[in-house]
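Colleague: Residue strings, one per chain:
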Amino acid sequence: MSSTVYHAPGTVEDAVALLSADPTARPLGGGTDLIVQMRSGRLSPGAVIDLKRIEGMSGVRRVGDAFAIGAATPCTALKANAGLAAAWPGVVEAANLIGSVQVRNRATMAGNLCNASPAADSVPALVAAGAVCVIAGPSGLREAPVEAIPVSPGKTSLAPGEFVVEIRLPPRPAGGGDAYLRATPRTEMDIAVVGAGVSLVLDGEGTCTAARVALGAVGPTVVLVEEAGAALVGTKLGDDALAALSQAVQAASHPIDDKRGTVSYRKAMAGVLARRAALIAASRAGAKA
Amino acid sequence: MNAPEQMKQFRHIGTRPIRPDGVDKVTGKALYSPDFKAPGMLWGAILRSPHPHARILSIDTKKAEALPGVKAVATGKDLPTLESLVMHVGEGASDIVDISHNCLALGKALYEGHAVAAVAATSPEIAREALGLIAVEYEELPFVLGLEEALAEGAPVLHDTVFTKGVDPKPDKPSNAAMRVEMGKGDVEGALASAAATVSGRYTLEPVHQGYIEPHACVASWNGDGQAQIWTSSQGHFAVRSLTASVLAIPQADIRVTPLEIGGGFGGKTTIYLEPVAMVLSKKSGRPVRLAMTREEVFRATGPAPGAVIDVRLGADADGALVAADVQFLYHSGAFTANDAGAGVSSAIGHYRIANTRVVGTEVLCNRPAAKAYRAPGAPQVNFAVESAMDELAGKLGIDPLDLRLKNAAAEGDPQTSGLPWGRIGYVECLEAAKAHPHWSAPLGAHQGRGVAGGYWGNYGGPSTVNVSVAEDGTITVATGSPDIGGSRASMAIMAAEVLDVPYEQVRAVVADTASIGVSMVTGGSRTTFATGMATVQAAEEVKRLLCERAARMWGVPADQVEWRSGAVACLAGEAQGQTLSAAAIAGRSFHSGGPIAAVAALSAQGWLPGFGVHICDTEVDPETGHVRIVRYTAVQDVGTAIHPDYVEGQIQGGAAQGIGWALNEAYIYGENGKLDNAGFLDYRMPVASDLPMIEAVMVEVPNPAHPYGVKGVGEVPIVPPLAAVANAIHAATGARLKDLPMAPDRVYAALHPQG
Ligand SMILES: Cc1cc2nc3c(=O)[nH]c(=O)nc-3n(C[C@H](O)[C@H](O)[C@H](O)COP(=O)(O)OP(=O)(O)OC[C@H]3O[C@@H](n4cnc5c(N)ncnc54)[C@H](O)[C@@H]3O)c2cc1C
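Protein chains in written order, with my numbering: chain A, 1 to 289; chain B, 1 to 756.
Next up, chain A with everything else stripped away, as it sits in the complex (with noise of 0.2 angstroms):
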């Protein structure tokens, strides 16, 4: 019989040597994934190393105007930090689309990130947003930008040793804004048939000057799509822009046919999402500009 050893370590680097004494290791952050895959019989590790115990693995940290999640805060966390939900209301929203009350008092974003599911609802959130991951392993910490972490559906460019310690969120720019909408049949307990996340910041006038967009469930993983932030950049986000936006979403939208939903219908909602969510961020952005 397989068995799996549990440890909980203290520290960072104690992770780091559990994880490099065994490729099969597996970090365990809220375990709403990985419980329930080990359960089923689709992953057995020689090893589950729980990161909850490591100090300041759990907790929102604010760094000047900026934000440090630890990789192990649950995502119910996120909506009671009050400054975080003002400044990053998008990404909150996305962490708390996840699951149910239950689920999200265990489930974690770095665990959503790592699990590299394509629908995974926090990651086009937080690819809009621009976040950063902090990464431990066996050469020491190095940063990487949340959407270099998933390269296919299971997998993560996390080498051999490394975990996320933390999710870096920029401050919030002045006159910026974000969102996330996913599409689904059920209103929670669900996932995401397509999900997509905009940031995007106006100007005085209601100006965009910047904006990011990316989706979820169109691809083997987070999409970040440069032309539908561009189709929006030096417009008020009229008719035109929204349309641009739509098309330029769908042309980077490749989803497969499955049980939660087909390519044709999957593209369309891309374009629909993506220019409700431009439109909630502009509002946000615009309320606070």
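In short, the hints are calculated from the structure, not lab data.
Predicted model only: the values in this text are computed from it and were never measured.
The reader is advised that the hints may include incorrect statements.
As the list claims (entries may be wrong) - Computed from the model, here is a short list of chain A residues facing chain B with C-beta under 7 angstroms:
1) P185
2) K236
3) G261
4) Y265
5) V272
Unchecked claim - Here are the simulated DSS-like pairs of lysine-lysine, each with C-alpha atoms no more than 25 angstroms apart in a straight line:
6) B/K284 - B/K37
7) A/K259 - B/K739
8) B/K675 - A/K259
9) B/K63 - B/K284
10) B/K407 - B/K396
11) B/K165 - B/K185
What the hints assert, rightly or not - Ranges of calculated distance between the beta carbons of each label pair, as one might list FRET restraints:
12) A/L279 - B/P443: 23 to 29 angstroms
13) B/E296 - A/A80: 34 to 40 angstroms
14) A/K155 - B/P443: 50 to 56 angstroms
15) B/L682 - A/N105: 35 to 41 angstroms
16) A/G140 - B/H447: 43 to 49 angstroms
Every residue gets a Cβ at the ideal spot worked out from N, C-alpha and C, and that includes glycine.
Position chain B with the ligand against the provided structure of chain A, taking the given hints into account.
Modeller: For chain B with the ligand alone, coordinates are given in the frame of chain A:
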């Protein structure tokens, strides 16, 4: 709600006391099937076919048997060879040979997930590991999942022993058409040809699951002397006993089945899957054996409700009077002959007066798990088609959809589809209550639409046994053989307290095991409050008579000189005139006045009546995403008499919620390989709480004259109208008529954007 026809003053009927099993259930103390453990118990596991259709060439269990910790291995060959015998245990009948072969395949695996072998071991991990050591040699066979595909020339035939039942002469070739049921009268084609308005359409539905929270589980312990015990949750432990005994060919009284609390059944727990297998493993190992399904096994191997293809034609004259109905449908039987088609035929169009009718239903075998009863089995599918067509007809005629239904609604004395006259039914009353309800005339917002649909279910009566006994302190125990799914302990206590005119808390109701009470049919067919309730009333009346008799003896007066008054016996003559004796006073002396006081009622309840419901649904459809939100929902139902209104409302709300799920998102999704692709609640999308508005239950009370308190069954009716009510509301909101369920966002989107 509405006043009963004969205004009776009740003390308890119609009140809402706390259920006796409530505290155990909300504190987590109640013992459900997966909670039960016996000393020395082994853990079983089942090996299931990975193929949708395959011949089993050989099963080699030697390696599994050799694994340390494995105590027994079983295959289909360990079950006795049986003669074909159709057994009626609940909602529908099944051949015992089919039930046996469904518990453990013999010769062929007929669907992905079909049980082919089982093990019992000292831990669940060892049991699972042992499954991997069983070598099954399969010869894969062509498979068929679709209804019309299964009937097509050249389709793989599942059973060479099945010749379509219900056709004369008997066909000369076996086929997947297991059974054909037809009813009708008059000249349908002629009437349709001369009708002022006609509608026709083809409607399709995918199979759906009952979705009970508690997976199937049992513990069986079979001793060397032949006596056995089974602990399980089911809708009927007597059915578990008779089916298990029949599959194993042993006497029923050798099995004692103890019912555990049930975490939902909805028809799906009126049969057996695990018990005979656990029994065989127990016999081989000499130890109690537990078998429990995972959620995935529940989806792959237990009964869904059948999917369907339904062709409907309706015709009416210019005033909206229906002149003809033609309904022809195919239902999935799955791997073994099921029997929802019969109920489908009698549930299709009987709520309307129509002179010319033809209703034909066919059961179709295919490589899916065997279809099983689901709340009003066979009715929602055909009702979806007929009530959608009624909506279309109303539109064509320019008549309000409720008025069209009122114009044609069947009432007492009108013929059913079978030709027999309806009894005291309440369809007209429900339609009138719906029309008068503020919901029907409330304003609608943007992208919103309102739909309505009516439907019915026949309900049932049948055998129940109840023992009412009086403790020495005068408190009362009501023991029934009916598992409590929807609050029946409370309802039985209410009815007994009503008869005896004592406080509700003085009466406690329990569910007794098969050795402790007489035979009772399953809790299904919306029969328990009606039939077991009738037995409860009868036994309580007898207890009342015994108490009077004892009191008369204690006073030394003739029995006709005493009377039951306000929960005690009053003396009408002699020295004691004016005195009273309470149940406590009588029971306290009962050992010296003739022995304990108790009465059993064992009856087969007759005079049940069908229930009718009318549902109003408002939807809001997002034109850009196809997402449907249920904005408001009102379910009107004739409930006879609501014994405990909370539980009646709960049944109505639960049924409506399940129907909405069926309408919007629930469906079995199969891959090209014939394997189920969504065997879990993540992708088998039942509604969650936030998907539903508060469902308003409106109880119309048209009492059943055949029941002492007017009871009609209420549990199944409410799942019948929602499918069409939702579809009609989507039509009203968008102009698109969706004829294929589920009406998931992508389907609705495609209907709204035909160009893509
Ligand atoms: C009922 C239910 C509903 C759900 N609904 C949604 C939903 O709506 N949307 C959605 O996106 N997801 C959903 N999920 C999936 C899951 O909850 C999320 O992906 C969640 O964010 C995972 O976080 P976790 O902390 O629980 O991860 P874990 O399960 O602990 O880990 C997930 C994976 O990431 C790895 N990992 C964890 N932390 C790190 C780290 N710091 N560094 C490197 N690797 C790490 C683990 O080894 C594992 O492979 C649902 C799950 C369930 C059970």
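Colleague: Need the status of pair B/K63, B/K284: alpha-carbon distance at most 25 angstroms?
Modeller: holds (17 angstroms)
Colleague: Hey, does the A/K236 contact hint survive, CB to chain B under 7 angstroms?
Modeller: For A/K236, the interface hint is violated, since the closest Cβ of chain B sits about 22 angstroms away, which is over 7 angstroms.
Colleague: Close enough to count: is the Cβ of A/G261 nearer than 7 angstroms to one in chain B?
Modeller: Holds, about 6 angstroms.
Colleague: Tell me if A/V272 is really an interface residue toward chain B, meaning its C-beta lies closer than 7 angstroms to one of theirs.
Modeller: For A/V272, the interface hint holds, since the closest Cβ of chain B sits about 5 angstroms away, which is under 7 angstroms.
Colleague: Hint says 35 to 41 angstroms; check whether the CB-CB distance for B/L682 and A/N105 agrees.
Modeller: violated (19 angstroms)
Colleague: Close enough to count: is the Cβ of A/Y265 nearer than 7 angstroms to one in chain B?
Modeller: This interface hint holds because 4 angstroms falls under the 7 angstroms limit.
Colleague: Is it true that the CA of A/K259 sits at most 25 angstroms from the CA of B/K739?
Modeller: holds (20 angstroms)
Colleague: With a cut-off of 7 angstroms on the beta carbons, see whether A/P185 makes it to chain B.
Modeller: Given a least distance of 5 angstroms, the restraint on A/P185 holds.
Colleague: 23 to 29 angstroms was suggested as the range; check whether the CB atoms of A/L279 and B/P443 agree with it.
Modeller: Holds, since A/L279 and B/P443 (Cβ atoms, about 28 angstroms apart) stay within the stated range.
Colleague: Between B/K407 and B/K396, does the CA-CA distance stay at or below 25 angstroms?
Modeller: Holds - the C-alpha atoms of B/K396 and B/K407 are around 16 angstroms apart, at most 25 angstroms.
Colleague: Need the status of pair B/K165, B/K185: alpha-carbon distance at most 25 angstroms?
Modeller: Given pair B/K165, B/K185 holds - Cα atoms ~21 angstroms apart, limit 25 angstroms.
Colleague: Regarding the pair B/K675 and A/K259, is the alpha-carbon distance no greater than 25 angstroms?
Modeller: Roughly 12 angstroms between the alpha carbons, so the hint for B/K675 and A/K259 holds.
Going through the hint list in order, the structure does not satisfy hints 2, 15, 16.
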